[in-house]
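Enquirer: Next come the chains, spelled out residue by residue.
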Amino acid sequence: MSLTLREVRTELNARAQPARSPIGAVRRSFAPWADPSAVPLIRLENLTKRFGATIAVNDLTLDIFEREFFCLLGPSGCGKSTLMRLLAGFEQPTAGRVILAGADLAGVPPYRRPVNMMFQSYALFPHMNVVKNIAYGLKQEALPRAEIESRVQEMLELAQLEPLATRRPDQLSGGQRQRVALARSLAKRPKVLLLDEPLAALDKKLREETQFELMDIQQRLGTTFLMVTHDQDEAMTVADRIAVMDGGRLVQVATPGEIYEQPKTRFIAEFVGDINILEGRVMGGEGGLWRIETPMAEAPLAIRDSDKALDTGQAVAVAVRPEKITVCRAKPAGASNVIEGEVWDIGYLGDWTVYRVRLDGGAILRASVANASRFVERPIDWEERVYLAFAPEAAIILTR
Amino acid sequence: MGGALRARAGRLVVIGLPYLWLAIFFLLPFAIVLKLSMSDPVTAQPPYAPVLDWRGGPGHWRNFLLSLDFENFETLWGDDLYWSAAVSSVRIALVSTLLLLLVGYPIAHGMARAAPSVRPILVAMVILPFWTSFLIRVYAWIGILKPEGLLNQVLLWLGLISEPLSILNTQTAVYIGIVYAYLPFMILPLYSALERQDPTLLEAAQDLGARPSKAFWTITVPLSMPGVIAGALLCFIPIVGEFVIPDLLGGSDTLMIGRTLWSEFFSNRDWPLASAVAIAMLLIIVIPIVVYREIEAQRWEPRQ
Numbered sequence: 000m001s002l003t004l005r006e007v008r009t010e011l012n013a014r015a016q017p018a019r020s021p022i023g024a025v026r027r028s029f030a031p032w033a034d035p036s037a038v039p040l041i042r043l044e045n046l047t048k049r050f051g052a053t054i055a056v057n058d059l060t061l062d063i064f065e066r067e068f069f070c071l072l073g074p075s076g077c078g079k080s081t082l083m084r085l086l087a088g089f090e091q092p093t094a095g096r097v098i099l100a101g102a103d104l105a106g107v108p109p110y111r112r113p114v115n116m117m118f119q120s121y122a123l124f125p126h127m128n129v130v131k132n133i134a135y136g137l138k139q140e141a142l143p144r145a146e147i148e149s150r151v152q153e154m155l156e157l158a159q160l161e162p163l164a165t166r167r168p169d170q171l172s173g174g175q176r177q178r179v180a181l182a183r184s185l186a187k188r189p190k191v192l193l194l195d196e197p198l199a200a201l202d203k204k205l206r207e208e209t210q211f212e213l214m215d216i217q218q219r220l221g222t223t224f225l226m227v228t229h230d231q232d233e234a235m236t237v238a239d240r241i242a243v244m245d246g247g248r249l250v251q252v253a254t255p256g257e258i259y260e261q262p263k264t265r266f267i268a269e270f271v272g273d274i275n276i277l278e279g280r281v282m283g284g285e286g287g288l289w290r291i292e293t294p295m296a297e298a299p300l301a302i303r304d305s306d307k308a309l310d311t312g313q314a315v316a317v318a319v320r321p322e323k324i325t326v327c328r329a330k331p332a333g334a335s336n337v338i339e340g341e342v343w344d345i346g347y348l349g350d351w352t353v354y355r356v357r358l359d360g361g362a363i364l365r366a367s368v369a370n371a372s373r374f375v376e377r378p379i380d381w382e383e384r385v386y387l388a389f390a391p392e393a394a395i396i397l398t399r
Numbered sequence: 000m001g002g003a004l005r006a007r008a009g010r011l012v013v014i015g016l017p018y019l020w021l022a023i024f025f026l027l028p029f030a031i032v033l034k035l036s037m038s039d040p041v042t043a044q045p046p047y048a049p050v051l052d053w054r055g056g057p058g059h060w061r062n063f064l065l066s067l068d069f070e071n072f073e074t075l076w077g078d079d080l081y082w083s084a085a086v087s088s089v090r091i092a093l094v095s096t097l098l099l100l101l102v103g104y105p106i107a108h109g110m111a112r113a114a115p116s117v118r119p120i121l122v123a124m125v126i127l128p129f130w131t132s133f134l135i136r137v138y139a140w141i142g143i144l145k146p147e148g149l150l151n152q153v154l155l156w157l158g159l160i161s162e163p164l165s166i167l168n169t170q171t172a173v174y175i176g177i178v179y180a181y182l183p184f185m186i187l188p189l190y191s192a193l194e195r196q197d198p199t200l201l202e203a204a205q206d207l208g209a210r211p212s213k214a215f216w217t218i219t220v221p222l223s224m225p226g227v228i229a230g231a232l233l234c235f236i237p238i239v240g241e242f243v244i245p246d247l248l249g250g251s252d253t254l255m256i257g258r259t260l261w262s263e264f265f266s267n268r269d270w271p272l273a274s275a276v277a278i279a280m281l282l283i284i285v286i287p288i289v290v291y292r293e294i295e296a297q298r299w300e301p302r303q
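Just so you know, the sequences run in chain order C and W. Read in numbering that gives the first Met the number 0, the first sequence has 190 at position 191, and its numbers run on one by one without any break. Read in numbering that gives the first Met the number 0, the second sequence has 66 at position 67, and its numbers run on one by one without any break.
Just so you know, the hints here were simulated from the structure itself, not pulled from any lab data. Among the hints, erroneous ones may be present.
Claimed, not checked - Only pairs whose alpha carbons sit at most 27 Å apart, straight line, appear in this in silico DSSO-like list of lysine-lysine:
hint, chain 1, residue 1, chain 2, residue 2
1, W, 213, C, 131
2, C, 138, W, 213
3, C, 203, C, 138
4, C, 190, W, 213
5, C, 263, C, 204
6, C, 131, C, 190
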């Protein structure tokens, strides 16, 4: 159903040459943001938050739809956590509005908001056992005891915590605590679940497993998830849409595929995944196929990017992902973009091999090749002369 | 080989020194007091019998041991004065500890919530009174509480009262003095327990629908219990045996076991009975602490 980043990449490679369909449609066909008549569940209007002289969130407008798994992605200090705290009610906006299900949340204290938060530190109550932690929010609603018990049971099952029900947090492992925190924040059936770096404290393998568990739980419950993360792989894996933030502003809001394949700016291209940037100048072009002159290649590059309107002579950057570059010993005949260089470094990652190739001008380009077979007759070696080639469709032109 | 031996000797010294210290400065005096409490008073120097002479030989040692008895404890048990002194001491200590908790908790809570840069200054302000002699501070309270003292002057000047209140030499003055003197001992453990608390726990509680007051009672207070208990014990134990404050600020009606002990020792020169009072006081205080620690140890034992 859902694909990991790696699967997305493999699929992209498979269809790299002939297909021209937009990559954003790799995921399931759920796209309320593309429907102009859809009413968003959360609407942030010109939201601004200042702390003294620093602006954490700067005039930000964003719609998030029901049942969406939405990710806020950005480097630390970009304002993503502040945005989440504004939604939870721990901070009040300096200007702008937060609208949830049609109601303005201005002045509504955190304990009256129909949103719940899963904290990065989990913030489990150390003096209560698992059951009491999960029941805490339900007790605040003064629900009947039987109702509380059945909902706690439901959550214990959902998070597979039944054998641990009477343990205290200090008797649980990191992964178990993470599940208690999730169960506690979901017990009240919030309209929106806010997740603040929920997997940051887990080790890599557990984190990947938990990403799928989160997606599974989100689909089963149909709750809107808003997750903050600085880990782009995580965002790509779980999210329906990703908002990339920088300096308190949204740089791009799009599906993981669009973010990866059609980054709007250099910041996004470089923040999400690996990318090679070739500075150049537009020589001309027609029908979306542009000729770009760059000091890094002898012949002008041919890049297909029909979305852009470019002027001749304009300074641009050609961005191409390492996995979209092929590495060959012999100069490939008839290929459009070929750059010659010398293998400078080889990084063997198991599934991929990354070649760092030094061009004659001194610049270094990265190319990664999937290790589809266990044996290679004559592997490319260090200091070998190689040709890097990529298709006109493999690269994108960035103007910002 | 030699290294291992040296390491063992070193470990022995490190572990042994505190025990040696306790043996010399706690166990030995305690044994002397225990022995005194089982002796008889005499009009002599020293004012008790028997006196142990180490050079007396086995016969003397045997006679010495045989002449020890629990007569003084029987006297204590049979005399209402000691009973009411003990009960009154415990009552005053309990009420004072409760008052200290009521006054100290908000102060400690406020300190723990202050900006981190201000906190060391606040802690210093709590400790500052220790730089003045305890006795002088208690004497100062006499100046404040006496009929023509500062408090009455202020109240008269404000027109709140028309006659000076007689506070000095009453139970009230004793409570004021005790709460004032022991407040730092209550605030500091509370502060250290509250300051350690993770503020995101309160955010989590509010996020789950608890109003700030509810979050305080269900999260902050239970998590500060170790501090509450440490502060309460730190105050309760010395208040039970408190002598200076009831003697200087209290009246003749303030019956406390520390005062009884003092008068037995100095006025009646009955060292054995005074020692018996001291031992009885120790039991009153130690037994509840041991019981409490047992309960706590069981409560916190990890369940699997």
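Enquirer: Would the hint linking residue 131 of chain C and residue 190 of chain C be met if the CA-CA limit is 27 Å?
Expert: Given pair residue 131 of chain C, residue 190 of chain C holds - Cα atoms ~22 Å apart, limit 27 Å.
Enquirer: Does residue 138 of chain C sit within 27 Å of residue 203 of chain C, going by the straight-line distance between their CA atoms?
Expert: violated, 35 Å
Enquirer: Quickly compare the C-alpha distance for residue 138 of chain C and residue 213 of chain W to 27 Å and report which way the hint goes.
Expert: Status holds; Cα separation ~11 Å.
Enquirer: Would you mind confirming whether the straight-line C-alpha gap from residue 190 of chain C to residue 213 of chain W stays at or under 27 Å?
Expert: Within the cut-off at roughly 23 Å; holds.
Enquirer: Sort out whether residue 131 of chain C lies within 27 Å of residue 213 of chain W, counting only the CA atoms.
Expert: holds, 15 Å
Enquirer: Does the alpha-carbon distance linking residue 263 of chain C and residue 204 of chain C stay inside the 27 Å limit?
Expert: Cα-Cα ~31 Å, so violated.
Comparing the model with each numbered hint stated earlier shows that hints 3, 5 do not hold.
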